[in-house]
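Asker: For reference, the chains in residue letters:
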Amino acid sequence: MATSSERSPPPFPDSEDQDVLDSEEVGGRDSDEDDGEDLFMSASNPPMTEMDTTLPTASQPTDVLMKPPSNIMDEPLIEPVSSQTENKPVNEVVSEPSDDFVDLTNNVTDSPDEAVAAESAIADAAKDTTEIPLDEPSDEFEDIFGSENEALQEEVVVANVTVEAATDNSGVTSGVTDTPGDGKTGSDDEQEAKETATDPIVDLGDDLPASVAQQPPPAREKCFDPLVDLLSDAPPAAAASIPSRATVDLFEDEGTDLFTEPRQTKSAMQQQKSLFGEPDEDLFGEPLGATSKKTISKEQDKPVKTKAASHVSNIGGPLQDNSRAEPPDIFTEEAVTTLPSITSTSTVNSKTNGVQSEEEADIFSKATVELSLDSPRGERRKDVTAKPSASALSQSAAASLAKPQSAALEELEEEEEEEQGDKFDIFVSVKDPEKIGDGMNAYMAYKLTTETQLAMFRNKTFTVRRRFSDFLGLYEKLSEKHGPNGFIVPPPPEKSILGMTKVKVGKEDSSSADFVERRRAALERYLQRVVNHPSLLQDPDVREFLEREELPRAVSTQALSGAGFLKMINKATDAVSKMTIKMNESDVWFEEKLQEVESADQHFRKLHALVESLVIHRKELSLNTANFAKSTAMLGSAEDNTALSRALSQLAEVEDKMEQLHQEQAANDTFNFAELIADYIRLLGAVRATFDHRMKAWQRWQDAQGALQKKRETEAKLLWANKPDKLQLAKEEIAEWEAKVTQYERDFERVSATVRKEVLRFEKEKAKNFKREIMNYLACLLQSQQQLIKYWEAFLPEAKAIA
Amino acid sequence: MTSTIDESNKEKMRSVSVDLNHDASLLIDIPDALCERDKVKFTVHTKTTLSSFQKPDFSVPRQHEDFIWLHDTLVETEDYAGLIIPPAPPKPDFESPREKMHKLGEGEATMTKEEYTKMKQELEAEYLAVFKKTVQVHEVFLQRLSSHPNLSKDRNFQIFLEYDQDLTVRRKNAKEMFGGFFKNMVKSADEVLISGIKEVDDFFEQEKTFLLDYYSKIKDSTAKAEKMTRSHKNIADDYIHISATLNSLSADDSTANKKHLEKLSDLFEKLRKVEGRVASDQELKLTELLRYYMRDIQAAKDLLYRRARALVDYENSNKALDKARLKSKDVPQAEEHQQQCLQKFDKLSESGKKELTSFKGRRVVAFRKNLIEMAELEIKHAKNNVSLLQGCIDLLKSI
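If you read the sequences in order, they're chains L and B. Sequence positions in the first sequence follow full-length UniProt numbering and run 1 to 803. Sequence positions in the second sequence follow full-length UniProt numbering and run 1 to 399.
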């Protein structure tokens, strides 16, 4: 939450004012703090245990620096806590830790800046997470701490508390925070830094509500409710939306600032480093000195203040305390809650390393989620600010979502062939096709049910009705947005005028039912592909499509509309440009892949035709078998030998069943095999489209280069002609074009990287999906053969009974 | 195109449609056949203990037309009017596989080499199957003759078996062809007339309705079974193409999917073999059975027709006798004629009854045998399929 504020430092004078304000607000804390603490302490055991876990670290807030936290590390975190709570009388428990805690919190709250600093430290840590995965600013990170330690003891304490807690969680024995010196040695590896970083984020994002929930005092809870709201996704009160917007702002800022050129970060690590190297210096280089406190606090002030303010206004009512007391409460509570939550994660971490690493991944991907989302769509920002709740949603969802994403990132980074778990936390089903309307205006509506574990959605299951053109509309939107960036946007089934006309006319024959079922299944697979794509799932249009009751009608999808006509023209020009662009491929990989894709496309088309003919033949067989069965039944009735007559009518029955089997098998051929191939023909088309987009990006770059070349020539001419007035203009133009060239080159590289990644992902998915579907198909075949055996075996004694 | 059937295959293709009570005194088989363009030369081999033959073991070359000649002479022999003359073997039909082969050659460009080879093999197999079947029906015809107590002693039959030169039977000329056609017309007109005649014997009355009904039914069934078999064949052919395409897909694939495609291609190749066998076994056990009995019933119907004719003759002679008595003229001749007709009719009825009864038994036995065999084969093939599919699924799982 507070993680990301730093990048847009508010104007300094302002912030200083805020500082003052803040300090005033926090000034009242001390007293309130105690109250709060008492309340808290006297409350009950569950929070206590939580508290306790932190208390070992917090128990000697002043000692923290002296006492190596490694001790704490060595001891299992939970046990001492429980033993404490169990063995000691409650009073003691309450008093002792509370003292400590007060100490701690006093430290935190003594000076307003410190409280802020606590957050800022968290923010620092969080901030670093965004960077650490990408390069190694860990040194710098430590530097920060180190210098802070040296310069400002108190702040260091705070920082240490959080960091220590964090390190505790991570279970790393060598402490960044053991001693300032240690921190400086830089012996800490990236991991540690990451881990320390993870916790604050987790705290702020997810665990805070959880920890809140564990705190029984009603007053507290009330006080926390808005916070919960803020952090979880439902903002009932208008006031709550204000803070959430604040957080949104934070994220937005981060998104823009940190990732102004985030696309490259994906493709080129080098650039990333430089990108982050600089801001780090900016941000952290300076604060290293005595000013650090100020700058950080300044930066921090803004969000904090807004939050505090909002709380004041909102919470004032329900709470009997004066509003003055509120903000500190909140602050302390944040401090408090961060600690318990840290501990809660710490317990998890201490238990298993695997979990820990996953969380680590979460944070990675949290960063990457932002990364992938922000830059491609400026419009999203509008969305987000317009609908803060949605964005808050997405943010909280990010963590849980993160798994596949992080895997994708890893794949990109290391290109390792790590098997990505096949579990997606979202399933979409398309059911109950229903004809709505009559005549040529009729259309089919489908029931869309989404089942998900993802927190980004409001409910676990929800259902909407969509018509076919809505699906096409979704595709249009997605391909417009993501296509040019090199993403493989899964294509929906094509419009079929013939098939739909049949349905519209209302023929209730098998072929139209077949058509509807085929389309329904295809739509389901299409949507499932979309939501399985980690980036596409993040798209607000996708969410809207799944969740929103009413969608604006998609108009541009009609085949014969004006928009459709325009599309056709566009396609034609595309085709022409495709032919005219001669790309001298620098990357063999792309060349080979394109060839592979094209030949696969060809073969798949052939295969599809063959399977379709298989289906036709199977249906013929079914029909012929039915006819034979009837004929045999007649023959049986004509036969005058009783046993033979009986056997013949049995044979007729067997053949009747055969007919059923063949019929089912034909359906199996269609739905499990032909449709699978049809899907891949469509998907291969999408893959080729990404190659085209890459080529276009390349062309743009080349064009820009050509233009730059021309400008340079003009400059040379002007130089020769000695026209200084125009020369200036020419230089400006050159600069402009140079920027463009670099921009386009980066674009191209970004698109290339995305295409590469997407193709790899596609191939992996394809292999997996193909295998699954084929096994499904074969299982159906197998079943039908087993059934066949059964039928004939039942017939055999009948045949033998013929006398 | 020239093909021969080797000895080893002979046992398999041995008569399946009819159950013959083999009389060791006269054993006939066709161990070898030669196909030259539209002519098929069968080697008819005879082993006998009968003294009417000069040698106990001999072989002669015969053509399809010779078989037809033999059949026609038997039908025309008055003495055999009361017997069901075994139906003549159908003319060898190699046109359809040849045509397919031709088509395949035209479509060669659209297929991969492998695919083409497989299709060619498939067609060759089909051709061979047709060839075998042809030989088989000719053989069955002779065997039925040889196992019949009366027909086996026919002079023409013995000549057919023994004469070691080309029979060079006179090919039917155009007039005779037309005559045959005309005769058929008359016969069917007669049948209509005769069917109106009141039957005196309940047995024959029943047989007549039964056979007429049964014939139309079995004819229908035969056609339907043929279609069904052909559909199986089509599916087998589709499998070939699918397998080949999957194979070329996997050849171009460099991803993890390659293996899946390969396995699938293999599977389809195996499945098509099984499917092909299903088709050919259905053809052999079911369609061929029905086809044969369709012709046999036609032969039985012919017997009924001949008997009905005799009945009409007898009734006419009765009328003539009555007339003669009325006029008191030529009464003894008329009486004699009437007696002759009666005798002939009675004899015909008697042997006809016997023949039809034995035919019924023979049919039931043949149906039983074939249906059991077909069911067993279907089970066998399906089991084969199951194990193939299961194997492939397991393979895919393990990848």
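To be clear, the hints were calculated from the coordinates, so they are not data collected in a lab. Quick caveat: nothing in here was measured; it's all calculated off a predicted structure. Yeah, the Cβ is synthetic: ideal placement off N, Cα and C, and Gly gets one too. Warning: the hint list may mix true and false statements.
To be verified - Not close to chain B: a few residues of chain L, all C-beta gaps over 12 Å, as computed:
#1 T452
#2 K726
#3 E745
#4 A779
Claimed, not checked - With a cut-off of at most 35 Å between alpha-carbon atoms, the simulated DSBU-like pairs for lysine-lysine come out as follows:
#5 L:K630 to B:K47
#6 B:K323 to B:K39
#7 L:K764 to B:K39
#8 L:K764 to B:K397
#9 B:K47 to B:K360
#10 L:K606 to B:K301
#11 B:K354 to B:K397
#12 B:K259 to B:K91
#13 L:K606 to B:K227
#14 B:K397 to B:K380
#15 B:K91 to B:K103
#16 L:K764 to B:K273
Asker: Indicate, hint by hint, whether the structure satisfies it.
Answerer: Right, here's what the structure says about each hint:
1. T452: holds, 28 Å
2. K726: holds, 55 Å
3. E745: Per Cβ check, E745 (chain L) is outside 12 Å of chain B; nearest 29 Å; holds.
4. A779: Given a closest Cβ separation of 7 Å, the condition is violated.
5. L:K630 to B:K47: Between K630 (chain L) and K47 (chain B) the Cα gap is close to 45 Å, so the pair fails against 35 Å, i.e. violated.
6. B:K323 to B:K39: violated, 56 Å
7. L:K764 to B:K39: Measuring from Cα to Cα gives roughly 60 Å; hence the hint is violated.
8. L:K764 to B:K397: It holds: about 16 Å lies between the C-alpha atoms, which stays within 35 Å.
9. B:K47 to B:K360: Roughly 29 Å separates the two Cα atoms, so the pair holds.
10. L:K606 to B:K301: Violated, because 52 Å separates the two Cα atoms, which is more than 35 Å.
11. B:K354 to B:K397: violated, 64 Å
12. B:K259 to B:K91: violated, 49 Å
13. L:K606 to B:K227: holds, 27 Å
14. B:K397 to B:K380: With a Cα-Cα distance of about 26 Å, the restraint between K397 (chain B) and K380 (chain B) holds, given a limit of 35 Å.
15. B:K91 to B:K103: Roughly 23 Å separates the two Cα atoms, so the pair holds.
16. L:K764 to B:K273: Distance of about 32 Å is within 35 Å: holds.
The earlier numbered hints that this structure contradicts are 4, 5, 6, 7, 10, 11, 12.
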